[in-house]
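Going down the list, the protein sequences come from chains V and P.
Numbered by full-length UniProt numbering, the letters in the first sequence go through residues 1 to 224 in order.
Numbered by full-length UniProt numbering, the letters in the second sequence go through residues 1 to 239 in order.
For the record, the hints were derived by calculation from the structure and aren't laboratory data.
Among the clues, some could well be false.
[Unchecked claim] What the simulated footprint calls covered on chain V by chain P, stretch by stretch (three residues with Cβ under 8 Å from a Cβ of chain P suffice, anywhere in the stretch; the number is not a length):
#, region
1, 68-75
2, 130-144
3, 185-193
[Claimed, not checked] Far from chain P, by Cβ distances over 10 Å, these chain V residues were calculated:
#, residue
4, H25
5, P47
6, L50
7, E123
8, V160
[Stated by the list, open to error] Restraint-style ranges between C-beta atoms, simulated for each label pair:
#, chain 1, residue 1, chain 2, residue 2, range
9, P, R56, V, V63, 45 to 53 Å
10, P, R220, V, L211, 32 to 40 Å
11, V, K57, P, R220, 26 to 34 Å
12, V, T207, P, F87, 53 to 61 Å
13, P, Y130, V, P217, 29 to 37 Å
14, V, G56, P, A61, 45 to 53 Å
15, V, G127, P, L67, 42 to 50 Å
16, P, T216, V, V63, 48 to 56 Å
17, V, T13, P, L206, 45 to 53 Å
18, V, M128, P, R213, 25 to 33 Å
19, P, F87, V, T13, 24 to 32 Å
20, P, L71, V, N67, 17 to 25 Å
21, P, Y130, V, S216, 41 to 49 Å
22, P, L7, V, H25, 38 to 46 Å
Note that the Cβ used here is the ideal one computed from N, Cα and C, for glycine as well.
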Amino acid sequence: MGVVGDAWTWLTTGSNWSGESGAAHRLAEHVYVSGVALALACAIALPVALYLGHLGKGGALAVNISNVGRAVPVFAVLALFMLTPLRNSGYWPTIIALVLFAVPPLLTNAYVGITEVDRAVVEAARGMGMSGPQLFARVELPLAYPLIMTGLRSAAVQVVATASIAAMVGLGGLGRIITAGFNTYDTAQVFAGAVLVAGLALVAEGTLTALDRLLSPLRRRRRA
Amino acid sequence: MAGENCLVANDWICGEYLRSRSQELTDATVEHIWITAVSVLIGLAVAFPLALLARRGRHFAGPVLGLTTVLYTVPSLAMFSLLLPLFGLSAALVVTGLVLYSLTILVRNVLAGLEAVPPEAKEAAKGMGYGPARLLWEVELPLALPALMAGLRIATVSTVALTTVGSLVGKGGLGNLIEDALPSLFKAQVLTASVLCVLLAVAADLLLLGVQRLLTPWTRIRATAGPDRGALIAKVEAG
Chain V
1 MGVVGDAWTW LTTGSNWSGE SGAAHRLAEH VYVSGVALAL ACAIALPVAL
51 YLGHLGKGGA LAVNISNVGR AVPVFAVLAL FMLTPLRNSG YWPTIIALVL
101 FAVPPLLTNA YVGITEVDRA VVEAARGMGM SGPQLFARVE LPLAYPLIMT
151 GLRSAAVQVV ATASIAAMVG LGGLGRIITA GFNTYDTAQV FAGAVLVAGL
201 ALVAEGTLTA LDRLLSPLRR RRRA
Chain P
1 MAGENCLVAN DWICGEYLRS RSQELTDATV EHIWITAVSV LIGLAVAFPL
51 ALLARRGRHF AGPVLGLTTV LYTVPSLAMF SLLLPLFGLS AALVVTGLVL
101 YSLTILVRNV LAGLEAVPPE AKEAAKGMGY GPARLLWEVE LPLALPALMA
151 GLRIATVSTV ALTTVGSLVG KGGLGNLIED ALPSLFKAQV LTASVLCVLL
201 AVAADLLLLG VQRLLTPWTR IRATAGPDRG ALIAKVEAG
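Chain P with its partners taken away, still in its complex shape (with noise of 0.2 Å):
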């Protein structure tokens, strides 16, 4: 009972609120988490050409880097509007403004990393016969991973957090919660969404945390360089 009258007094907490929308809190969620995905994987997509052709040189360094530093400079509230009559009120617009969003971010890790090889680890492979793609796959594409990842991090919690913006045209995930709620001031509908939106932003770091170690074991060996080294190595050898 003390639960329902939660909802009348417009407490900031409900745990009532929580149970009669689920539905509703749920669907914010997949779609924010959707726009966030597609958004991000076309951003990563396109940012890796874009840092493969930046590093042919500073005829192309320049522009591309440039380019994509100026688009991070418009504010979103404008970039969704400025790709308003292209797109119309549509998902793909809110997804195309975080993908431009997230080019800043990922051309330059991406490049960071792919500079950051040893060129070593580059002249052995050559020498060992490796061509240009397979070099780029085998050995460079591991060896940035670090940095590559670092950026993905980066460039995910922020669009986890400006994917609320869209709510502009109502493709906002957990950002249309909050803007319904704001004229009749529903506090538990704002903070609830808030929260959520913050719990994905860090559960998404986390799993691209665990994806990293996942993909680059042997960083985590050399982390661990110390009496129990020896066993470590082993045990990923017999593993």
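This is chain V alone, in the form it adopts within the complex (with noise of 0.2 Å):
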């Protein structure tokens, strides 16, 4: 296939990485607004989930919530925010959509990650005499990390995918580059950023696997 080829040399041509629109600002930028996107959604969705779960209450508004945003198409929620002021704003509009899309399955997974840690256990510890925000510290919270995990991770992932889409209403990110190829019918470089892009949410999903595998309360205990 003469497109992979053509791809490579796209990729291996320093003048394709500098400057304004070159690959490593485009890097830069996706990473950028993926990272700020994540801490925020997390910020936000996090203590709301796990205090709800703490409580064992309003978890059905959550998982509600996380169905609805399969049903909202990305592109038009982006659109949508290019024909407002916030199209001015820089980065903002991807920033948005992107912690829109990414509190439901970290508020989904927290929640239900919390209450479903087995009641026995809390009943035990209550028992044995620890306080609401011990039993949450030390019992509640190990035992849902590896659900919590899975919702930063599948939230990680859609931030990513969800930030190479900005590049279809102009904004920055990895997909300008791919957006920028359809413009001048270059397949090679099409390619070539979709590899890219591809290959940086794989990187994104195995980091948090492994920072996931690295940090797992229940590993360290077994260790010790």
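Two chains, two frames, some hints: make the complex.
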């Protein structure tokens, strides 16, 4: 396949990486926007979900928000943002859209994770005289950890994927390499951009999987 | 008269837009439904044998589930672009990408459904002389149907939303209208197409829920356990 060879040539040409619309700048934009959005989404979703989970209330809302989220096209939301004054605010339209789509998986998984903790274990901890905050930090949070991390992983993948769609409405990120290639009928560049986007998504997934294993509270206990 | 002014004023909601472009909207909606339906049906046709294969043991389950999960990680814009050299600018490109996405959800749900079939039911059917094919078709499949349909609903709703990205290659149904309207900041068209997209997803979800209820009448009887239950069973038996 000639395209693959041409894409390799594109990727290994230094001039394609430099400048305002070069791959290096686009990669930095993509990582910056995704990182800020993921951090914001965690800051919003996790405290709410963990608190509601601890109380054991309001879960139906979390799950429903998540399901509705699937039905809303990212592209449509970004396009709507571009028709409002938001379009003049740099990276914010993308970041807001990303937060919107990252909150539901984080919220659902964290909430379900806490409420699914074995009630017998919670009762036992109460019986041992643990207070609410102690119960939360020492029992519920460690046991809910795997599901919270699953939510974080799917949110991260979604964020990286969504950040590439931002290019379709003229915003930054690695997707711009693809759309620019489309505009100039440069299939090699389209393919090269797609490889970069797909690679970044897989790297994000891999990094979080590794982090997950490294930070797992149950693993640490086993080692100690 | 006020209706025509909203096109000039570029309002978000515009009745005149709906009237004058109804043909364009219908065409885009039909294309959207067509691409979604074909993708989900092919996805189901591919996912079902894959799930049966994954069920045969860990040697098959690992690669099948691993591969479909990795495919799901690839962003849609990249997926469509990566398939470009194979298919060119065509609807087949978009459909293939959407099929690959639906596989993750469908394979997992079909597998979960088949594995949740009670072993007693299978043993009983085997004891009655059911062969593997008849066991699958008449016992396992009906019992796995709720999980299968749940997966089908999630896959369909996500596919409706993802189809819009197909506008990258000009085959995005309602997404095309959104992309066309962006350069001229045509608010009514972007909002109408977006709302239609969401409505389409909700309608598809409700339709599949209805299909599920029709295909699994026994779950409804169990759900209404109460004073009316006897009457309901009697009614079902009479019908």
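Hints and how they fare:
1. Only residues whose beta carbon comes within less than 8 Å of a beta carbon in chain P count, and the region 68-75 of chain V has 6; three or more means the coverage holds.
2. With 0 residues having a beta carbon nearer than 8 Å to a beta carbon of chain P, the region 130-144 of chain V misses the requirement of three or more and the stated coverage is violated.
3. Given as covered by chain P, the region 185-193 of chain V passes the check, having 4 residues with a CB less than 8 Å from a CB of that chain where 3 are the minimum.
4. The non-interface label for H25/V is consistent with chain P: the shortest C-beta to C-beta separation is roughly 18 Å, beyond 10 Å.
5. For P47/V, the non-interface assignment is confirmed: its Cβ lies about 27 Å from the closest Cβ of chain P, beyond the 10 Å cut-off.
6. Non-interface call for L50/V relative to chain P: holds, since the shortest CB-CB distance, roughly 25 Å, exceeds 10 Å.
7. The beta carbon of E123/V is kept farther than 10 Å from every beta carbon of chain P, the shortest such distance being approximately 29 Å.
8. Not every CB of chain P is more than 10 Å from the CB of V160/V (nearest about 6 Å), against its label as outside the interface.
9. Checked against the hint of 45 to 53 Å, the pair R56/P and V63/V fails, with Cβ atoms roughly 33 Å apart.
10. The supplied range of 32 to 40 Å is broken by R220/P and L211/V, whose beta-carbon atoms lie about 45 Å from each other.
11. Taking 26 to 34 Å as the suggested C-beta distance range, the pair K57/V and R220/P conforms, at roughly 29 Å.
12. About 32 Å separates the C-beta atoms of T207/V and F87/P, a value inconsistent with the hinted range of 53 to 61 Å.
13. Range check, Y130/P to P217/V: about 47 Å between beta-carbon atoms, so the 29 to 37 Å window is missed.
14. For the pair G56/V and A61/P, the supplied restraint of 45 to 53 Å is violated, since their beta-carbon distance comes to about 34 Å.
15. Between G127/V and L67/P the beta carbons are some 47 Å apart, a value that agrees with the proposed interval 42 to 50 Å.
16. Separated by about 22 Å at the C-beta atoms, T216/P and V63/V break the suggested range of 48 to 56 Å.
17. For the pair T13/V and L206/P, the supplied restraint of 45 to 53 Å holds, since their beta-carbon distance comes to about 51 Å.
18. Taking 25 to 33 Å as the suggested C-beta distance range, the pair M128/V and R213/P does not conform, at roughly 47 Å.
19. The hinted window of 24 to 32 Å between F87/P and T13/V holds, with their beta carbons roughly 26 Å apart.
20. Remark: the range hint 17 to 25 Å for L71/P to N67/V is upheld by a beta-carbon distance near 22 Å.
21. Taking 41 to 49 Å as the suggested C-beta distance range, the pair Y130/P and S216/V conforms, at roughly 44 Å.
22. Look at L7/P against H25/V: about 39 Å separates their beta carbons, and that is inside 38 to 46 Å.
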